[in-house]
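Based on the hints, put chain Z with the ligand in the right spot on chain D.
These protein sequence lines map, in sequence, to chains D and Z. If you count by my numbering, then the first sequence holds residues 1 to 398, one letter each, in order. If you count by my numbering, then the second sequence holds residues 1 to 362, one letter each, in order.
Hints were generated in silico from the structure; no laboratory data involved. Each hint should be verified, as a subset may be incorrect.
Unchecked claim - Partial chain D-side listing against chain Z, Cβ under 8 Å, derived: (1) A333; (2) I369; (3) T374; (4) Q378.
What the hints assert, rightly or not - Far from chain D by the CB rule (all over 10 Å, computed), these chain Z residues: (5) A35; (6) I118; (7) V130; (8) G145; (9) E203; (10) V267; (11) W278; (12) G321; (13) D324; (14) G336; (15) G344.
Idealized CB from N, CA, C, for every residue including glycine.
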Amino acid sequence: MDLEYGERYEAFRREVRTFLDEHKQDAPPAGLSGGARKQLIRWLGLQIEHGVWARTIPQEYGGYGAEPDLLETVIMDEEFNRAGLQRGMNAQGPSMLVPTLLEHGTEEQKQRWVGPTMRGEVIWCQGYSEPGSGSDLASLQTSAHEDGDDFVINGQKIWTSTADKADMIFVLVRTEPDAKKHVGISYVLLPMNTPGIEIQPLRTMSGDLGDNSFNQVFFTDVRTPQTNIVGKRGEGWKIANTTLKHERNTLNSNAEGTLLRLIKLMKQETVNGVPAIASPVYRDRLMRLQGRVLAMKYHGMRILTSSLKRESAGVAGLIVKLQNCQLHFDISALAIDVMGELGVLYDHTKYERDEAYWQTHSIFSLGLIIGGGTAQIQKNIIAERGLGLPREPKPATR
Amino acid sequence: MDFGLSEDQELLVETVRNFLAEKVPITRVRELRDAANTGDRAIWQALGELGVSGILIPEQDGGSGLNLLDAALVSQAIGHAATPTPFLTSSIMVPIAFRPLATSQTDTWLRRIASGEICFGLAITEIFSVREEAGITFDGSTLSGKAMMAIDASQADFILLAIGQDRLAVIRRDVSGLEVNRLVTIDATRDTSELLLENVEPEAIFENAGEAISALLDAGRIGLAADTLGACEAMIEQSVAYAGERKQFDRVIGSFQAVKHMCAELVAELEPARSLLWYAAHCFDTVPKESPLMACHTLAHISEIAREIASVSTQVHGGIGWTDEQNLHFWFKRIGNARHLLGGPESLRNRAAEIQGLAIAS
Ligand SMILES: Cc1cc2nc3c(=O)[nH]c(=O)nc-3n(C[C@H](O)[C@H](O)[C@H](O)COP(=O)(O)OP(=O)(O)OC[C@H]3O[C@@H](n4cnc5c(N)ncnc54)[C@H](O)[C@@H]3O)c2cc1C
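In isolation and in its complexed conformation, chain D is listed as follows (with noise of 0.2 Å):
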């Protein structure tokens, strides 16, 4: 067991500290619309140029070019939530998009593609559920007919974040009508500005339209080259598990900054002039969560690790997303508790605390443990790939 990075690391650790002290101001406000958009591309242009950002992306692709190091990569992740500082992208394109185009995409999607993804001057939503498909998504409906070089494209996607913002969807479709339903799907890269692609807004359980929206996305007679497909015709399911394995890493997100964001709140929070702290009973609550928050911080270390061996971390991977979404609910839930009466203010409504950040951390988490893939399909593979329980049996047909 050795707990240091190393000094080579630790130098490492300092400059992007540096670049963080020095550029802090430069961050944009959260959000994609209007100027935060420009504000987000000058920002990003500033860290790939610091390589911190993108940088173990090669430079012809529009990345730092560095070797890829996951050290690295978790001491920026690290000092940015320690800075308190998003990195400042929706996750779509370039956490889900550009690790799958690195892995499967020709040379010119990667070219084309990846240096203004992680620049911010394309923005990806990501076409997977449908109506009738989220749980079951390979059962997906939405057709891609062939044409000449062309596929048209009809159907509809639903819970499409983000995609009111977005320039570009990578979009699953069945292309085999006749296959069986793993194998008759592809992944296509669409310009959401092409014609028969129509957004439809929803609103979210929090009101929001915002930055966090859902869309349904509809899809009429809508013409793209094939070219535009990800890996090979029919081979979208493989494809699409890679996006996933990168989302659910996304969803990972360690809640060290939460938990210390809930410190400050107990400490200045007051009721009956004594601070949350001083109650044993919050105290407690908090002291437990800190406990499981050290479990998953370590956790993450032991997974990192099996990930520099290129190995398999086993069942140990596969339980993160279940544990870490559930966690960022109830550290939620202890803010909102500690606030009292006021935990529930909302909407910008004086004595506000916190801008209500916490009710929107609590709803946001809750979409967590269902949107990609819901707990109970964690633990489903949880049960089933990670410790060889057979698959639940088909009911018997009537």
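What follows is chain Z with the ligand alone, placed relative to chain D:
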């Protein structure tokens, strides 16, 4: 031994549920939310016509003179429908507070409540939780200060407020020197506001009101627990219905053991809570000595299971449960708001320990 609801009570529940389903369906709740209206008078008046707003008010004052258990059942039906209406305040807490304080003035107010003509807001948060340096003082003739998270006050005709721990006052909503600021919460179905008072002349002051305050808190906590329980019932009913309809992997999701177990666990929590609520309400009516303890435990327990029920019910629905369109969130947020409205679970349990002499310092 007969522990359960009477035929009359079953009928009462059915009547109120049917009435609300027809008069204030969730589509209407949504319209009110969109209009930021938490005090639709038509609903309140209709409840008066139905005869439930005076459920606890003596018959000679125009009410039905029934018990808290009956009122709790109505509250449960209101929670089940997520109805924005001042029933908890005007029909439970205020009439209970006035019982030991009765004057001809309070009798008149009660008569007007029973008919649906007026309603009351309530500002009592500072009895159990002081934040933002709130508190009302009385200089012998007028009231000044701040009250946080007043319930149903912004659109009421009168407001009952606490001054310290053993004084109550009634003020008019339109009295000079009173400023009422709506406080927006996640829950669009319950009216909350802050009151700022500057030399406000009260309509009435009640000294030595400790007994009334204690009773209004007990009854309010039981009534609120009932409301939350009703909201839980609604979320579970919708989850079970959805689990029986929605198909994935060529089968209804309710046929997956994972989904079955989620639903089963929800009712396993709900049903004992229902029994607990009945007993607590029964205590208030017949074993008053036990009432403060039962009220604290009942609200604390129901608030706890409700948080879980709200989260799991949303999960049973998958992505659609996370949308505004699905309606489920109206109950989710009503439950969330109720959790701390009359004391959060931790403080209620601490009170429960104190009542039993168990809060022994180390
Ligand atoms: C916040 C959020 C963001 C999202 N963003 C996107 C996006 O950008 N792009 C996109 O394509 N999708 C997105 N989704 C959709 C998400 O992937 C789906 O909601 C999710 O996969 C569940 O599918 P569903 O909603 O159809 O629920 P269903 O699959 O209908 O599930 C309903 C219930 O049944 C259970 N269930 C289903 N099958 C089984 C089984 N075999 N065993 C046990 N239980 C089962 C589920 O666990 C759930 O409790 C997002 C969802 C959320 C909540």
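Outcome of the hint check:
1. A333: 7 Å, holds
2. I369: Holds, about 6 Å.
3. T374: This interface hint holds because 6 Å falls under the 8 Å limit.
4. Q378: Where the cut-off is 8 Å and the nearest Cβ of chain Z is about 10 Å from Q378/D, the hint is violated.
5. A35: 14 Å, holds
6. I118: 26 Å, holds
7. V130: With a cut-off of 10 Å, V130/Z comes too close to chain D, as the shortest Cβ separation is near 5 Å.
8. G145: Holds: least Cβ distance 16 Å, greater than 10 Å.
9. E203: 26 Å, holds
10. V267: Non-interface label stands for V267/Z: nearest chain D Cβ at 18 Å, farther than 10 Å.
11. W278: The claim stands: W278/Z keeps its Cβ more than 10 Å from every Cβ of chain D (closest is about 27 Å).
12. G321: 7 Å, violated
13. D324: The claim breaks: D324/Z does not keep its Cβ more than 10 Å from every Cβ of chain D (closest is about 4 Å).
14. G336: Since the minimum Cβ distance to chain D is about 6 Å, G336/Z lies within 10 Å and the statement is violated.
15. G344: At roughly 6 Å from the nearest Cβ of chain D, G344/Z sits no farther out than 10 Å, so the non-interface label is violated.
Going down the numbered hints, you'll see the structure goes against 4, 7, 12, 13, 14, 15, while the others check out.
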